Amino acid sequence: EDQVTQSPEALRLQEGESSSLNCSYTVSGLRGLFWYRQDPGKGPEFLFTLYSAGEEKEKERLKATLTKKESFLHITAPKPEDSATYLCAVQPPGGFQKLVFGTGTRLLVSP
Amino acid sequence: ETGVTQSPTHLIKTRGQQVTLRCSSQSGHNTVSWYQQALGQGPQFIFQYYREEENGRGNFPPRFSGLQFPNYSSELNVNALELDDSALYLCASSGPSVTEAFFGQGTRLTVV
Chain A
256 EDQVTQSPEA LRLQEGESSS LNCSYTVSGL RGLFWYRQDP GKGPEFLFTL
306 YSAGEEKEKE RLKATLTKKE SFLHITAPKP EDSATYLCAV QPPGGFQKLV
356 FGTGTRLLVS P
Chain B
5 ETGVTQSPTH LIKTRGQQVT LRCSSQSGHN TVSWYQQALG QGPQFIFQYY
55 REEENGRGNF PPRFSGLQFP NYSSELNVNA LELDDSALYL CASSGPSVTE
105 AFFGQGTRLT VV
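Protein sequence lines correspond, in order, to chains A and B. Our numbering applies: residue 256 is where the first sequence begins, and numbers increase by one. Our numbering applies: residue 5 is where the second sequence begins, and numbers increase by one.
Think of the hints as simulated: they come from the structure by calculation, not from any bench. Please note that a few of the clues may not be correct.
Unchecked claim - Using C-beta positions, here's what the derived DEER-type ranges look like:
{"#": "1", "chain 1": "B", "residue 1": "T9", "chain 2": "A", "residue 2": "L363", "range": "21 to 31 Å"}
{"#": "2", "chain 1": "B", "residue 1": "K17", "chain 2": "A", "residue 2": "G349", "range": "40 to 50 Å"}
{"#": "3", "chain 1": "A", "residue 1": "E272", "chain 2": "B", "residue 2": "F73", "range": "43 to 53 Å"}
{"#": "4", "chain 1": "B", "residue 1": "E58", "chain 2": "A", "residue 2": "Y306", "range": "21 to 31 Å"}
{"#": "5", "chain 1": "B", "residue 1": "R67", "chain 2": "A", "residue 2": "E272", "range": "44 to 54 Å"}
{"#": "6", "chain 1": "A", "residue 1": "E300", "chain 2": "B", "residue 2": "K17", "range": "20 to 30 Å"}
{"#": "7", "chain 1": "A", "residue 1": "T322", "chain 2": "B", "residue 2": "K17", "range": "37 to 47 Å"}
{"#": "8", "chain 1": "B", "residue 1": "K17", "chain 2": "A", "residue 2": "A308", "range": "37 to 47 Å"}
{"#": "9", "chain 1": "A", "residue 1": "K318", "chain 2": "B", "residue 2": "P74", "range": "34 to 44 Å"}
{"#": "10", "chain 1": "B", "residue 1": "L87", "chain 2": "A", "residue 2": "E310", "range": "37 to 47 Å"}
To be verified - Among chain B residues calculated to face chain A with C-beta under 8 Å, some are:
{"#": "11", "residue": "P47"}
{"#": "12", "residue": "Q52"}
{"#": "13", "residue": "N59"}
{"#": "14", "residue": "G60"}
{"#": "15", "residue": "G62"}
{"#": "16", "residue": "F107"}
Owing to the predicted nature of the structure, the values given are computational and were not obtained by experimental measurement. Glycine is no exception: its CB is placed at the ideal position from the N, C-alpha and C atoms.
If we strip away everything but chain B, and leave its shape as in the complex, we get:
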């Protein structure tokens, strides 16, 4: 167990809807990153939050947004869902020294 928990574990949404995914980081970790993993692919970096600010972003459109809270937990919001957004969404937390990044179990999102 890594101590990184994500919710929900699965959900199904309709194209055009909005979704919020949640992540609780490991105790003592102040940095949270989000990744999208399509079937058969490696995870792709969406963005990272440090001290409640976004401080790094991958090649994802603005309809992917996030928040980090004072307790370092985080949310990923996706607006105007598209079929291609169907994937496993992963949250990773790491501490200040970044020698390790621990992932949660993921949220499987299906867009129909």
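Chain A with its partners taken away, still in its complex shape:
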């Protein structure tokens, strides 16, 4: 069964304190790995899609990387506005566009 596990469940950082979030996955034939940011009560906001091991993508203070078993979301010098839940999802093989999500990492960045 396709599975996504995110760690840690929650992370508290001081402003400027860099860290990484982990997403490990079990899926046969990964079509894509997605990262989203979600603010309380809102829909997920698309960040990145990664397709193959070794691929990296960056956006402002965020950088996502992918290996054959896991993905990391690196946050460099975070600011309080980066506080949110970060969701990882995989797209298994098949003819449709189902995403399998992890439970997310709740990030709190204190000033």
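Using the hints provided, position chain B relative to the given structure of chain A.
Chain B alone, transformed into the frame defined by chain A:
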């Protein structure tokens, strides 16, 4: 803003009632997926519509049904509501190449 809009934003229903949620997809996107997100959990795939046909379904009972219209907008219908149906319902739209899936702001459904 993603261009994916959902309505209503909140609603409260009584157990046993029926509900219809609506989604307008982003311009140029012909595929709409629906997800259920319980509090503290990741979204769970309900089903997907492509060219007005359901072409993928998750582990949800038949009382969860949907429609897609020629303009690619979509509805999610839930019959015989149960307390456990209380959740944030999310709609996502994507284009033919599926490199990105954009979500709406969600509908918060409370069943009492």
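These are the hints, each one checked on the structure:
Take T9 (chain B) and L363 (chain A): their Cβ atoms lie about 29 Å apart, and the range 21 to 31 Å holds. Under the hint 40 to 50 Å, the C-beta atoms of K17 (chain B) and G349 (chain A), about 33 Å apart, miss the expected range. Checked against the hint of 43 to 53 Å, the pair E272 (chain A) and F73 (chain B) passes, with Cβ atoms roughly 48 Å apart. Look at E58 (chain B) against Y306 (chain A): about 27 Å separates their beta carbons, and that is inside 21 to 31 Å.
Distance hint for R67 (chain B) and E272 (chain A): a CB-CB separation of about 47 Å, consistent with the stated range 44 to 54 Å. Checked against the hint of 20 to 30 Å, the pair E300 (chain A) and K17 (chain B) passes, with Cβ atoms roughly 28 Å apart. Between T322 (chain A) and K17 (chain B) the beta carbons are some 44 Å apart, a value that agrees with the proposed interval 37 to 47 Å. Between K17 (chain B) and A308 (chain A) the CB atoms are about 46 Å apart, so this pair conforms to the stated range of 37 to 47 Å.
Distance hint check for K318 (chain A) and P74 (chain B): the Cβ-Cβ separation is about 41 Å, which falls inside the suggested range of 34 to 44 Å. Checked against the given bound of 37 to 47 Å, the beta carbons of L87 (chain B) and E310 (chain A), roughly 43 Å apart, stay inside it. Below 8 Å, beta-carbon pairs count as interface contacts, and P47 (chain B) has one with chain A at about 5 Å; its hint therefore holds. The restraint placing Q52 (chain B) at the interface with chain A holds, with a minimum CB-CB distance near 5 Å, inside the 8 Å limit.
Because the smallest distance between the Cβ of N59 (chain B) and any Cβ of chain A comes to about 5 Å, under 8 Å, the interface hint for this residue holds. With a cut of 8 Å, the hint placing G60 (chain B) at the interface with chain A holds, because the nearest CB-to-CB distance is about 3 Å. The interface hint given for G62 (chain B) holds, since its Cβ lies 7 Å from the closest Cβ of chain A, which is under the 8 Å cut-off. Interface restraint check: F107 (chain B) against chain A, minimum CB-CB distance 4 Å, threshold 8 Å, status holds.
Hint compliance for this structure: hint 2 is the single one not met.
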